[in-house]
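Participant: Can you make the complete structure from the sequences, with help from the hints?
Each chain is listed here by its residues.
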Amino acid sequence: MSKKSYRQAINEAIAQEMRRDENVLVWGEDNAGGTGGDGEQDAWGGVLGVTKGLLPEFGPNRVLDTPISESAFIGAAAGAAATGLRPVAELMFVDFMGVCFDQIFNQAAKFRYMFGGKAVTPMVIRTMYGAGFRAASQHSQALYSVFTHVPGLKVVVPSSPYEAKGLMTQAIRDDDPVIFFENKVMYDDEEEVPDDPYAIPFGEARLTREGDDVTIVAIGRMVGIANQAADELEKAGISATVVDPRTTSPLDVDTIIECVEDTGRLVVVDESHPRCSVASDISSIVAQHAFKALKGPIQMVTAPHTPVPFAPELEDAYVPNPAKIVDAVKVAMA
Amino acid sequence: MTDSIQPIIMPKWGLAMTEGLLASWSVVEGVTINAGDEICEIETTKLANMFESPVSGLLRRCVATEGEDLPVGALLAVVAASDVSDVDVDAYVARFQEDFVPEEADDTGPEPESVTVDGLRLVYLKQGEGDGIPIILLHGFGADMNGWLFNQGDLSEVAPTFALDLPGHGKSAKQVGDGSLMWMAGVVEKFMSAMSLPTVHLVGHSMGAGIALQIAADQPQAVKSLTLIAGAALGDEVNIEFLEGYVAAKRQKHMKPVLQQLVYDKDLISPDMMEEVFKFKRIDGVIDGLNTLIQTNFVGGTQQGSLRDALSALSIPVTIIWGREDQIIPVSHTDGLPASVKIEIIEHSGHVPQMEHASRVNEIITATIASAA
Chain A
1 MSKKSYRQAI NEAIAQEMRR DENVLVWGED NAGGTGGDGE QDAWGGVLGV
51 TKGLLPEFGP NRVLDTPISE SAFIGAAAGA AATGLRPVAE LMFVDFMGVC
101 FDQIFNQAAK FRYMFGGKAV TPMVIRTMYG AGFRAASQHS QALYSVFTHV
151 PGLKVVVPSS PYEAKGLMTQ AIRDDDPVIF FENKVMYDDE EEVPDDPYAI
201 PFGEARLTRE GDDVTIVAIG RMVGIANQAA DELEKAGISA TVVDPRTTSP
251 LDVDTIIECV EDTGRLVVVD ESHPRCSVAS DISSIVAQHA FKALKGPIQM
301 VTAPHTPVPF APELEDAYVP NPAKIVDAVK VAMA
Chain B
335 MTDSIQPIIM PKWGLAMTEG LLASWSVVEG VTINAGDEIC EIETTKLANM
385 FESPVSGLLR RCVATEGEDL PVGALLAVVA ASDVSDVDVD AYVARFQEDF
435 VPEEADDTGP EPESVTVDGL RLVYLKQGEG DGIPIILLHG FGADMNGWLF
485 NQGDLSEVAP TFALDLPGHG KSAKQVGDGS LMWMAGVVEK FMSAMSLPTV
535 HLVGHSMGAG IALQIAADQP QAVKSLTLIA GAALGDEVNI EFLEGYVAAK
585 RQKHMKPVLQ QLVYDKDLIS PDMMEEVFKF KRIDGVIDGL NTLIQTNFVG
635 GTQQGSLRDA LSALSIPVTI IWGREDQIIP VSHTDGLPAS VKIEIIEHSG
685 HVPQMEHASR VNEIITATIA SAA
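Read top to bottom, the protein sequences are chains A and B. Mapping the first sequence onto our numbering, position 184 (from 1) lands on 184, and the numbers just tick up by one. Take the position in the second sequence, starting the count at 1, then add 334; the result is the number in our numbering.
Hints are not guaranteed to be accurate.
[What the hints assert, rightly or not] When the alpha-carbon atoms are kept at most 25 Å apart in a straight line, the in silico BS3-like pairs for lysine-lysine are as follows:
no. : chain 1 : residue 1 : chain 2 : residue 2
1   : A       : LYS3      : B       : LYS558
2   : B       : LYS380    : A       : LYS235
3   : B       : LYS590    : B       : LYS505
4   : B       : LYS380    : A       : LYS3
5   : B       : LYS558    : B       : LYS584
6   : B       : LYS615    : A       : LYS292
7   : B       : LYS676    : A       : LYS3
8   : A       : LYS3      : B       : LYS587
9   : A       : LYS295    : B       : LYS587
10  : B       : LYS380    : B       : LYS584
11  : B       : LYS558    : B       : LYS676
12  : B       : LYS587    : B       : LYS380
13  : A       : LYS235    : A       : LYS295
14  : B       : LYS600    : A       : LYS3
15  : A       : LYS324    : A       : LYS235
16  : B       : LYS615    : B       : LYS380
17  : B       : LYS460    : B       : LYS505
18  : B       : LYS380    : B       : LYS558
19  : B       : LYS524    : A       : LYS3
20  : B       : LYS558    : B       : LYS590
21  : B       : LYS590    : B       : LYS600
Think of the hints as simulated: they come from the structure by calculation, not from any bench.
Facilitator: As structure tokens, this is what we get:
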């Protein structure tokens, strides 16, 4: 066991699965890095270097550069998965996903259903999300809610390096299309990550702490922020349970409900927009199934319903932070 | 007079520990304490445990305050005879604090190493030097080398110690063969030859004790003493609900009552400890290995194959340690053992006396090893 970054953890999971199963392939823009250039190979490993090192180990037949044509290479991944391979395709920024919604929503997500359960589509689409990277509104959105909405897709939002490795391993082994959301400002976060391969099952929430007064459900990078808020709350004598659902689809509804039944209060923290979102979804599920357990109003701490601003001061104000969570908890407790 | 002033410092429990929280004092200034007395409770990111005083004497100062986070090696308290003046005690404290430099975060001391035998990667932690006959520590079902974190430091002052991650556990290979104690013993024997350890003292806990006993039966000339803590293979019963619950539980809520069966003081089971168990169980191959061990050794809650006869045949010092309140393997398994076997029952202890009463267990192990000389 050693300290690994979020980036290294994802890279290690892919490499270990490629060693384990020769059907696992990687492709995307600059994933091999250097195709068509002056001869330097493995120059990039994807725009932020997550796949670097895979080309030298696995060669150009398993690690491929693609043209800047998302609809083509995401469609190719769906077809390859349906015919027996296990592609891991990188769609650089989730903001670009719009050009291949048909391949994802209408094709990959529907194969198992429309072919009477006889087809499987073991593909992973890796993609970056999140604000805070000074990359403006077309490279900063947190669009997991859009994919969570579509039956047939599995949606993973890992909250730490340990989680990222185990969830990526599971994503590659899973027989359904998985959209794997990597928060771009977390790539250099480090923690202890086992060297051995391990898989974290989908649909099984993690409690990073258990308390009595309030349940805070947080998504992806917000789990760390929620824990900072919980540290603050503890000093004020308020003890929080923090739930990391790990996957927004499937969602571990049972654990969330159980926690709310124990604490009587719910605050959902989500850095995506507030309308038709994972936050509003979780809030409605709890309101419907655990209403009688609630001792106060459900609170959502989200980004506003605006594009991500480019001005650094505004971008910093845009993302949920510990102070906003503490305030929301106090409203829920009032 | 400062020679007679003794510091009590923040212990280092396990390789990863860099600081600890002094949760509460259980003694007050002015009382006389004995080595092994529980003097305070310390919490780390991984566990909470009572800290047993390493020294005896009059407790003059509790330097650390409750709720304080302190680095490993920081001054907790000062023990000095009554004829040492308060001025001298205070001067000692002031000088200690002035000179104290916490160890660097990346200076974690000895690191685990690995060796491959028969294609199996075995990870071990070696601590201690010298030419004494080495001590091998064998953990129990579902545990790993960290189960010896309260013991290995003390024992390594006696002789070099090797805490091994058994196959299927910790960071070692996850294959467990047919899961039998005999197969496991064979792997440890190959480890001994790969590491050029012709003679050893063996200390085993639970399943590891069964393995230690099997090794002593296989190679009586190689084993100079045997300390078996709450050992397997000495009777029929074993708590199958614990074993199966350990494998099945996926949430802290379900794991907590399972792990609490291990200990007398139920507060010892921390959320971080449970997370470590979950992380271990997710590693590829672990669940299969654990199930094989259960099927082969403990199926239906009955231990398969007693090694009591092997025990009678041994002519080396053998000590058996058991917690009076053990809920995993009953203390009654110490009944009717050969007279040559020394039996030590630890009061207020569950299945893991080496963690719950570490100082006492370390003394017993040290005495057993000394008696083999």
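Participant: Holds or violated: LYS590 (chain B) with LYS505 (chain B), Cα cutoff 25 Å?
Facilitator: holds (24 Å)
Participant: Against the 25 Å threshold, does the CA-CA distance of LYS558 (chain B) and LYS676 (chain B) hold or violate the hint?
Facilitator: Given that 25 Å is the threshold and the Cα spacing comes to 15 Å, the pair holds.
Participant: Hey, LYS3 (chain A) versus LYS587 (chain B), does the alpha-carbon distance stay inside 25 Å?
Facilitator: Roughly 28 Å between the alpha carbons, so the hint for LYS3 (chain A) and LYS587 (chain B) is violated.
Participant: Within 25 Å, alpha carbon to alpha carbon, are LYS615 (chain B) and LYS292 (chain A)?
Facilitator: violated (36 Å)
Participant: If you draw a straight line from the CA of LYS676 (chain B) to the CA of LYS3 (chain A), is it 25 Å or shorter?
Facilitator: violated (44 Å)
Participant: For a C-alpha distance cap of 25 Å, please report whether LYS380 (chain B) and LYS235 (chain A) respect it.
Facilitator: Roughly 21 Å separates the two Cα atoms, so the pair holds.
Participant: With the threshold set at 25 Å, check whether the alpha-carbon distance from LYS600 (chain B) to LYS3 (chain A) stays at or below it.
Facilitator: With a Cα-Cα distance of about 31 Å, the restraint between LYS600 (chain B) and LYS3 (chain A) is violated, given a limit of 25 Å.
Participant: Is the hinted pair LYS324 (chain A) and LYS235 (chain A) satisfied, with a Cα-Cα distance of at most 25 Å?
Facilitator: Answer holds: LYS324 (chain A) to LYS235 (chain A) is near 16 Å, not above 25 Å.
Participant: Do the alpha carbons of LYS524 (chain B) and LYS3 (chain A) lie within 25 Å of each other, as the hint requires?
Facilitator: Distance of about 31 Å is beyond 25 Å: violated.
Participant: Between LYS380 (chain B) and LYS584 (chain B), does the CA-CA distance stay at or below 25 Å?
Facilitator: This hinted pair holds, its Cα atoms lying about 18 Å apart.
Participant: Has the given pair, LYS3 (chain A) with LYS558 (chain B), been kept, meaning a C-alpha gap of at most 25 Å?
Facilitator: violated (39 Å)
Participant: Hey, LYS615 (chain B) versus LYS380 (chain B), does the alpha-carbon distance stay inside 25 Å?
Facilitator: holds (17 Å)
Violated hints, in rising order: 1, 5, 6, 7, 8, 14, 18, 19 and 20; the structure is consistent with all others.
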